[in-house]
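Number of protein chains: 2
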Amino acid sequence: MSKRFDQLKPYLDKAHAYNLALTMISWDNSTIAPPQAIELTSKAVGLLSGEHYHTLINEDVKNLLEALSDPQEQASLTFSEKGIVKNLTKEFRLLAAIPPEEFQAYQTLLAKAYPVWEKAKAENDYASYAPVLEQIIHFRKKFAAYQQKEGQKLYDVLLDEFEEGFTVEILDPFFAKLREALVPLVQQIREKEDFISDDFLHQSFEIPVQKEFCHFLAEYIGFDFNRGIMGESEHPFTTELHNHDVRITNHYSENSLDGAIFSVIHEGGHALYEMGIDDEITGTPIGHGTSMGMHESQSRLYENNIGRSPEFWEPLYGKLQEAFPAQLASVTFDQFCRAINHAKPSLIRTEADELTYPFHVMIRYEIEKLIIEGSVDTASLPALWNQKYQEYLGVLPPTDTEGILQDMHWAGGDFGYFPSYVLGSAIAAQIFHHLETVMPVKQYLKEGNMTPIREYLNAQVHRFGGAKNTQEILQDMTGESFNPDYYISYLTRKYSDLYQLS
Amino acid sequence: MSKRFDQLKPYLDKAHAYNLALTMISWDNSTIAPPQAIELTSKAVGLLSGEHYHTLINEDVKNLLEALSDPQEQASLTFSEKGIVKNLTKEFRLLAAIPPEEFQAYQTLLAKAYPVWEKAKAENDYASYAPVLEQIIHFRKKFAAYQQKEGQKLYDVLLDEFEEGFTVEILDPFFAKLREALVPLVQQIREKEDFISDDFLHQSFEIPVQKEFCHFLAEYIGFDFNRGIMGESEHPFTTELHNHDVRITNHYSENSLDGAIFSVIHEGGHALYEMGIDDEITGTPIGHGTSMGMHESQSRLYENNIGRSPEFWEPLYGKLQEAFPAQLASVTFDQFCRAINHAKPSLIRTEADELTYPFHVMIRYEIEKLIIEGSVDTASLPALWNQKYQEYLGVLPPTDTEGILQDMHWAGGDFGYFPSYVLGSAIAAQIFHHLETVMPVKQYLKEGNMTPIREYLNAQVHRFGGAKNTQEILQDMTGESFNPDYYISYLTRKYSDLYQLS
Chain A
1 MSKRFDQLKP YLDKAHAYNL ALTMISWDNS TIAPPQAIEL TSKAVGLLSG EHYHTLINED
61 VKNLLEALSD PQEQASLTFS EKGIVKNLTK EFRLLAAIPP EEFQAYQTLL AKAYPVWEKA
121 KAENDYASYA PVLEQIIHFR KKFAAYQQKE GQKLYDVLLD EFEEGFTVEI LDPFFAKLRE
181 ALVPLVQQIR EKEDFISDDF LHQSFEIPVQ KEFCHFLAEY IGFDFNRGIM GESEHPFTTE
241 LHNHDVRITN HYSENSLDGA IFSVIHEGGH ALYEMGIDDE ITGTPIGHGT SMGMHESQSR
301 LYENNIGRSP EFWEPLYGKL QEAFPAQLAS VTFDQFCRAI NHAKPSLIRT EADELTYPFH
361 VMIRYEIEKL IIEGSVDTAS LPALWNQKYQ EYLGVLPPTD TEGILQDMHW AGGDFGYFPS
421 YVLGSAIAAQ IFHHLETVMP VKQYLKEGNM TPIREYLNAQ VHRFGGAKNT QEILQDMTGE
481 SFNPDYYISY LTRKYSDLYQ LS
Chain B
503 MSKRFDQLKP YLDKAHAYNL ALTMISWDNS TIAPPQAIEL TSKAVGLLSG EHYHTLINED
563 VKNLLEALSD PQEQASLTFS EKGIVKNLTK EFRLLAAIPP EEFQAYQTLL AKAYPVWEKA
623 KAENDYASYA PVLEQIIHFR KKFAAYQQKE GQKLYDVLLD EFEEGFTVEI LDPFFAKLRE
683 ALVPLVQQIR EKEDFISDDF LHQSFEIPVQ KEFCHFLAEY IGFDFNRGIM GESEHPFTTE
743 LHNHDVRITN HYSENSLDGA IFSVIHEGGH ALYEMGIDDE ITGTPIGHGT SMGMHESQSR
803 LYENNIGRSP EFWEPLYGKL QEAFPAQLAS VTFDQFCRAI NHAKPSLIRT EADELTYPFH
863 VMIRYEIEKL IIEGSVDTAS LPALWNQKYQ EYLGVLPPTD TEGILQDMHW AGGDFGYFPS
923 YVLGSAIAAQ IFHHLETVMP VKQYLKEGNM TPIREYLNAQ VHRFGGAKNT QEILQDMTGE
983 SFNPDYYISY LTRKYSDLYQ LS
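Here the protein sequences line up with chains A and B, keeping their order.
Sequential numbering of the first sequence, starting at 1, is according to my numbering.
Sequential numbering of the second sequence, starting at 503, is according to my numbering.
Hints were generated in silico from the structure; no laboratory data involved.
Small disclaimer: the values here were computed from a predicted structure and weren't measured.
The beta-carbon is built from N, C-alpha and C at its ideal position, and this holds for glycine as well.
A few of these clues could be false.
[To be verified] So the derived list for chain A, only partly shown, Cβ under 7 Å to chain B, looks like this: (1) Leu20; (2) Ala37; (3) Ile229; (4) Ala329.
Let's have the full structure, built from the sequences with the hints guiding it.
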């Protein structure tokens, strides 16, 4: 046991307390806070963020981290402690690069930005949001420049924050490969546009019944309501105070059944990751999913590889029909399974099908690179957005609400985050392929037995939190590092079969 | 403008930020947090409370407050600033008397105590709650002893925290006077027990419809949902982050209509006070209701003097009948108005009628005096409780759930709080009497015009927050200091008329 490490603990505990308070306020703002609260609340958020910052970024912590980098000290640390020191050293370097007043001003800005975006989206009023977005971009670029290492691309600074080691040099060819495989596939499917109908998923579905079914689904995949809650927000998300308080939200539309259903499975996958973190490390700097990509792999594994499979729905479809008899009684199991995998270029990322989804990310990735590395004007972003949708997907957003205003990420300062979604899908495909080699996954799904899958993921992925990175987790679990080929062959096989392509 | 006062501001702002975070976490715990979250969350609460404490209790603030007590400095302060300094000086004296570690341990204890009480109440298991209650009492007595002035009674220290200047010496005769007037009145009414029936209020009332009607009622009396929200908890309460985020909760029972209805009017009255605080002082130490008694006067004025009057229900009863046609179609307006004022000795304080309510408080007052000044054993409290209910009200709680476990107050450390409820009723009667001299109150109620009443209370009571104390507010508004006679004559006249007593 390291005495130096023990000296670090009070700082970690205090940092977690601030984090918990800020997470709670942020959750509350996004779910239930009254509309006019934000102005005054965001002042408090600014002050608390300032305190949080100073708890970790100070001379004492700096000296402790330096001392703990000594090989003898390292040798005395446990596996988890080593992870904490490594993570904190990185975080220290990134945070210490930013002047405290600027960091605090940025946090205050973010607290105000969310409702501005929400209102702009509701009212299709990009102009009212653009000045706030401009300020956020200004801060993000400035901060990235502070953190930039010699020779490092500015956008790579942001990517590294969400997925260590992933760079434009890796992502550009990754997306190129995807494009090469998927463009012809999507083209073939467009030619068979009416081959699969999902019209019956867009009847009127009573929202209270949707809520009840989504609650059931969350529990079904293993979400523990003794250690988590489900709320509502404009855009579904997952957040956690610690591994005993994990929160997901959903968003319900009367005229769409699959929206809420696959959102709850998606967020549920995120939540299982956070609920599965070891008690030993919860509330520490490594007490959460190791990266955004790995996090998305868990949500997408549940949403797509598992949640859109016929085997998953075999024990469930009857129950869904019972919940919505008027709407689904005459829809066969086969029709349902095909409909939930229906592929068609569309406008809204979160409602996109599994096949065209990567294009939504590709578009954001390309725009983000321009925003961060280039000098694109905020005012011209909607046009750029629309042009790319036209180009890649052949669809043109009729309003900014259905275009550039659809995502909350940029309003939260999350640039460099979007690529993680597709990395997540690729990792999910790799993990699902591996799962099938170690257990009868499809048989379990047919039996409604979700436990072995969750327990395996818990043992191999969840419990480590940030003590292992993505590559280490994949290597230890599958014997292979990240390999996107599983993703491409999965999509190709699945959609060729589904649309009976030659 | 005082430069010294400006130096105080950063401390006030930071204290408010901590307060906001702690209030938010507490609200969340009482309304939506998952059952198993509390253990880990309470650690963070303990740490944040410690930080909050040190923000105000330190040498800098001490020196600033001393400097600001100088007459020349005082002369340079605005009215609000003077109030802040006075309030903070008192709070400083009270808090500084408590060793920081003990204060923090106490906060951690309180965060854990709430769910323990909640579970004990649900399971009628006083024994599981007694050890926690014992610890809370231990802390409260110890803290009161730290704060005690020479010659001051220990219980007076606690009373003073909620209602400045009110002591056992004032309250003992106050309760004696009430007893003298009300005991014969209650006796006469018991003899006419069947004169008024409220059976129809205890049919089955659909909870979603109750919720909708309560939401409407809150809005009707002036609760602004742009600056507040309504949640659910075991016991209804009001809390606020600032004057733009005021939160009330309600509790719904299927077999009781008046419970939820009068709770929402009651908490709504509290909320109007907090929403009415001046922007200038919100978030400062005087940015909330001046005392518990004055706070209760607002909730009880709305709940009883206004909310139980026929005039209030004249424009509303039809709407209530529409909400519950099966249950209320055959109930006349007169029957309804009599039923909601029905008086009958009962077990649950929050469900007690206006007339027997003071006895519930009297019992708690007498037990609290014994707990704090005497040496009563925690184990013997349920028996003592039951004995007093038998003695004063002639009813015996069949379970502790309906007895000593019914209130959350002691689990929150609030000893000395209960008397404020009856003081509040007395102040409400005095204010209502005054209102009738300055405006046609009953006419406004008949017209469904709640605005003039709210605006008058806002101008005379709400906006000042803690810048005026109870006596100052009453004196400035009514030309008279606190006078309990209005309360006694109000109850006597109202119930003599209602029960047609000779």
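Hints, verified against the model:
The interface hint given for Leu20/A is met, as the beta carbon of that residue sits about 4 Å from the closest beta carbon of chain B, less than 7 Å. Because the beta carbon of Ala37/A sits about 4 Å from the nearest beta carbon in chain B, less than 7 Å, this interface hint is met. About 5 Å separates the beta-carbon of Ile229/A from the nearest beta-carbon of chain B, less than 7 Å, and the hint is met. The interface hint given for Ala329/A is broken, as the beta carbon of that residue sits about 26 Å from the closest beta carbon of chain B, more than 7 Å.
In this structure, the one hint that does not hold is number 4.
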